[in-house]
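Which chain is which? The protein sequence lines are A and B, in order.
Per the working numbering, the very first residue in the first sequence carries number 22; after that it's consecutive.
Per the working numbering, the very first residue in the second sequence carries number 13; after that it's consecutive.
None of these hints come from the bench; they were simulated from the model.
These figures come from a predicted structure and were not determined experimentally.
It is possible that part of the hints are untrue.
To be verified - For each label pair, taking beta carbons as the anchor points, the in silico distance ranges come out as:
#1 A:S284 with B:A135: 30 to 38 Å
#2 A:R232 with B:E87: 52 to 60 Å
#3 B:M13 with A:E286: 22 to 30 Å
#4 B:G112 with A:D274: 47 to 55 Å
#5 B:G167 with A:E28: 49 to 57 Å
#6 A:E86 with B:M13: 31 to 39 Å
#7 A:Y82 with B:G92: 37 to 45 Å
#8 B:G21 with A:K23: 23 to 31 Å
#9 B:A168 with A:A229: 53 to 61 Å
#10 B:G150 with A:A44: 46 to 54 Å
#11 B:G167 with A:D280: 47 to 55 Å
#12 B:R24 with A:D274: 57 to 65 Å
Said to hold, decoys possible - Away from chain A, derived, C-beta distances all over 10 Å, residues of chain B:
#13 A22
#14 E27
#15 G46
#16 G92
#17 A140
#18 G167
For glycine and all other residues, C-beta sits at the position ideal for the given N, C-alpha and C.
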Amino acid sequence: MKAAPFEYSRPAGIDEACALLAADESARVIAGGQTLVAMMAMRLARPTRLIDINRIAALSYIRAEKETIAIGATTRQCVVERDPLVAAKLPLLARAIPWIGHAATRARGTIGGSLANADPAAECALIAVTLDAVLAYRASGASHEVAARDFFIGPMITTLPAGAVLTGVRFPVWSGKVGTGFHEVNARQSDFAFVTAAAQVELGCDGACKRIAISVGAVTDFPMRLESAEQQLKGGKLDYAAVKAAVTDALADIDALADLHASAEYRKRVAIKLAMRAVADARDRALGKTVQDTAHAH
Amino acid sequence: MRIELDINGAVRELEVEPRTTLLDCLRDQLALTGAHAGCEHGVCGACTVLFDGVAVRSCLMFAVQAQGSAVTTIEGVTPGPGELSVIQDTFCETHGMQCGYCTPAMVLVAHALLADNPEPTRAEIVDAISGNICRCTGYAQIVEAIALAAERMRGANRPKDARK
Chain A
22 MKAAPFEYSR PAGIDEACAL LAADESARVI AGGQTLVAMM AMRLARPTRL IDINRIAALS
82 YIRAEKETIA IGATTRQCVV ERDPLVAAKL PLLARAIPWI GHAATRARGT IGGSLANADP
142 AAECALIAVT LDAVLAYRAS GASHEVAARD FFIGPMITTL PAGAVLTGVR FPVWSGKVGT
202 GFHEVNARQS DFAFVTAAAQ VELGCDGACK RIAISVGAVT DFPMRLESAE QQLKGGKLDY
262 AAVKAAVTDA LADIDALADL HASAEYRKRV AIKLAMRAVA DARDRALGKT VQDTAHAH
Chain B
13 MRIELDINGA VRELEVEPRT TLLDCLRDQL ALTGAHAGCE HGVCGACTVL FDGVAVRSCL
73 MFAVQAQGSA VTTIEGVTPG PGELSVIQDT FCETHGMQCG YCTPAMVLVA HALLADNPEP
133 TRAEIVDAIS GNICRCTGYA QIVEAIALAA ERMRGANRPK DARK
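Next comes chain A alone, as it looks inside the complex:
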């Protein structure tokens, strides 16, 4: 369980990191390293060079930018977890973050690292897709953007071009009567998810659904928006029967992941349940009701 030898660079800026990355196709960027270092220990990853972006100050921030909250790529998950701006403006992200790994891995793990790693079970990826976040990256001296929905294309596979460094992510902030819901099922608290579900709704003054986003994670190769369910539920009251029908319908034909821990059939069944609960929680919170989160103490 020791990593193979590699060269180590600690660039001072983003463009220097990009240049180092472009110069060696077997080089890898390291941020929090909470997946990469384990992969290297198991020799599932053998980069020739690690480009450590942890000390590039310009990549660590949380700030309001117009109607969004922008988070720098190397912002630690534990920092996001405790950030008052995130709690106030991105309650869905705040709700999901404590489910990532453990406190000791959130202390190192970064938002950008989780997004670039693109694990199908990753909470950050799920929330980015749910909220239609926009990811920013830098490649050959130019800045680019990509929608979260176009970024994740497979398990641990993204559309980030070779030689590009993810620099940050912007989450749109919803206003009005907004509520959020997040649910996860795993073997042990904070272990990899078997199924995750997230929902955010905005209700009109009449209590009807004005805007809704629903996603499930760890069920398919990358986070999946339940667009057909969103279409069906918009304008309605989000009552139990309607939500059940819409969510069941949206997940009817999916090809769910299967492994030793959870069969495809199980994942699909749980995904329907969790998506229903996430929508119900989001609706109730938008109505001002108090809904207890499961499992996590904070």
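Fit chain B to the given chain A structure using the hints.
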């Protein structure tokens, strides 16, 4: 590569290979074997140390990344030679350990928790140690040890206005 680390309050200069984890550096080069090597891929938590005061897994960091940072291991939490910290004491009293393999990490996680939250609920204690595997105790006595330590530390001599 040459690195400089603040280890348990003393600055140490070392030569490390980039691939040397912080854990291996502590154990093999600094003889701080209280940081235990368990799974070596981030699952068991036995290698937990305080990195700039925060609990992290030392097997999931390379030593070169720690350049200029402060690392506290179990060897650094005692108030003096032959003494135990309040938390180490309560682990003894409540039988919060059996084989001892997970213990240094559990104690360090407890230090990090109580530094941040002097009055944790049971759920918060459970959450704090959830990343650390213990195969002996069944965890109940570990939770008890941390709760008892929290109570003692709250009652310790501190300026009146610092008390909650």
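Okay, the hints, checked on the actual structure:
Distance hint check: the CB atoms of A:S284 and B:A135 are about 31 Å apart, consistent with the given range 30 to 38 Å. For A:R232 and B:E87, the Cβ-Cβ distance of about 55 Å falls inside the hinted range of 52 to 60 Å, so the restraint holds. At about 51 Å, the beta-carbon gap between B:M13 and A:E286 misses the expected band of 22 to 30 Å. The supplied range of 47 to 55 Å is met by B:G112 and A:D274, whose beta-carbon atoms lie about 53 Å from each other.
The hint said 49 to 57 Å for the Cβ distance between B:G167 and A:E28, and at roughly 53 Å that hint holds. Range check, A:E86 to B:M13: about 37 Å between beta-carbon atoms, so the 31 to 39 Å window is met. At about 42 Å, the beta-carbon gap between A:Y82 and B:G92 stays in the expected band of 37 to 45 Å. Under the hint 23 to 31 Å, the C-beta atoms of B:G21 and A:K23, about 29 Å apart, fit the expected range.
For the pair B:A168 and A:A229, the beta carbons lie near 57 Å from each other, so the given range of 53 to 61 Å is met. The given range of 46 to 54 Å is respected by B:G150 and A:A44, whose C-beta atoms sit roughly 53 Å from each other. Under the hint 47 to 55 Å, the C-beta atoms of B:G167 and A:D280, about 49 Å apart, fit the expected range. Look at B:R24 against A:D274: about 60 Å separates their beta carbons, and that is inside 57 to 65 Å.
Distance to chain A confirms B:A22 as a non-interface residue, since its nearest Cβ pair spans about 23 Å, more than 10 Å. Separation of B:E27 from chain A is adequate, the least Cβ-Cβ distance of about 13 Å exceeding the 10 Å criterion. Annotated as non-interface, B:G46 keeps its C-beta farther than 10 Å from every C-beta of chain A; the closest such distance is 16 Å. The non-interface label for B:G92 is consistent with chain A: the shortest C-beta to C-beta separation is roughly 27 Å, beyond 10 Å.
Distance check on B:A140: its Cβ comes as close as 6 Å (rounded) to a Cβ of chain A, failing to clear the 10 Å threshold; non-interface status is violated. Against chain A, the non-interface label of B:G167 holds: every CB pair exceeds 10 Å, the least being about 23 Å.
Checked against the numbered hints above, the structure breaks hints 3, 17 and satisfies the rest.
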